[in-house]
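Chains as they are written, first to last, in the working numbering: chain A, 5 to 188; chain B, 36 to 181.
Hints are computed from structural coordinates only; laboratory data are not their basis. Errors might be hidden in some of the hints.
[What the hints assert, rightly or not] Here are the in silico distance ranges between beta carbons for each label pair:
1. B:Gly-85 <-> A:Arg-103: 40 to 46 Å
2. B:Thr-152 <-> A:Arg-107: 19 to 25 Å
3. A:Ala-124 <-> B:Leu-53: 46 to 52 Å
4. B:Arg-89 <-> A:Arg-134: 50 to 56 Å
For clarity, every value in this text was computed on a predicted model and none was experimentally measured. Here a beta-carbon is modelled for each residue, glycine too, at the ideal position from N, C-alpha and C.
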Amino acid sequence: MIGTSSALIGAVVLLVLILVWIRADSASRRLPSVLDDWLPDQGEAREICPPEFVSQIFSGQDLAFISRLESPDLKRHFLRERSAVALLWVQQTTAAIRRIMRRHLEASRLSEDIEFATEARIFLQYAQLRLICGVLFLLIGLAGPQKLHGIALYADGLTQRIGSVLGEFKSGSRTREMDGAPSS
Amino acid sequence: MSVAVRLVPVQEAYEDLLNRTLSRISCDLGRLIYLASTRDYNTGNYYHEGLAGRFSPDIARKALEIAHRRAFYELSAFSLEDLASDLEAYLRSSRENPQEFLRAWQKLEPYRVAIPTEVHLTVARLFTSNLRLALAILRFRQEPSH
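Bound conformation, chain A alone (with noise of 0.2 Å):
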């Protein structure tokens, strides 16, 4: 009996889970037709979103003057507008760090001197992150960003952290390339 009421609450959550994800993705992905062809091109933009910019998208201080307005109306306007912000965000730092991750795979796979306790920590850190950036999708629909401001800040803390370790450790293999170590 207990078997099958887990079984069912499980089930139910499940359910819940994939629903919620399906909202998330429909709502990123209605981002390309409003952003259109009018935004900058990526090639050479940053790849990591500017810190302060994390913290504005999930602050809440834009709401409360937007509640001191009383307009319901304008109140879902900026949940909606918010939301799907920080769903790019959320959206854009997943694919930077995978990118950022690919790279450094490569080049670990070309270099002779790979300690393995960086290497793991940066690997543990970045499925971290991931999982972070997974738990965000579902919660933005559910809770509002501003109510996660200090789970997205965590989480953009942890990308600059991983950004700033593999940028170390490529300038390294450039130094040792320079001074004709072999890398590769």
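On the provided structure of chain A, position chain B as indicated by the hints.
Coordinates of chain B only, in the frame set by chain A:
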């Protein structure tokens, strides 16, 4: 050394642009739109006759590009309340009919052309989203019940 030598005239040109031209524009949105208007739509290159004459077309182009990107990031970091006030100041300075202005801006979204190249996609999206909201706020304030 060579980088420092190259950057000094750009910095001078940037300050010249700031003091002679941008300081005369009363609001941040106006400055951004002015800077975007110095960019050629076909090539993406910036041009300012006075600045190019005082320095060189290349230095002027670089100074305009830096000023444009900086103005964009500054405005994108505005809170919604500050952005709505700045948009209101821009609307007043345009001397257009406020209702017509708001309708046209909501429909045509001309501010999209003011986004520089090589800025982060999320910031660009935040900028357009905030401007859409600021326009909705001004329209809401103009409703007869307010």
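Query raised in the report: Taking 19 to 25 Å as the hint, is the beta-carbon distance of Thr-152 (chain B) and Arg-107 (chain A) inside that range?
Result: Given a distance of about 23 Å, which is inside 19 to 25 Å, the answer is holds.
Requested in this report: With respect to the beta-carbon atoms only, verify the hint that Gly-85 (chain B) and Arg-103 (chain A) lie 40 to 46 Å apart.
Outcome: Because 42 Å falls inside the window, the suggested range holds.
**Report entry** Satisfaction of the hinted span 50 to 56 Å by the C-beta atoms belonging to Arg-89 (chain B) and Arg-134 (chain A)
**Finding:** holds (51 Å)
Query raised in the report: When you take the CB atoms of Ala-124 (chain A) and Leu-53 (chain B), is the distance between them in 46 to 52 Å?
Result: holds (49 Å)
The earlier numbered hints are all upheld by this structure, with none contradicted.
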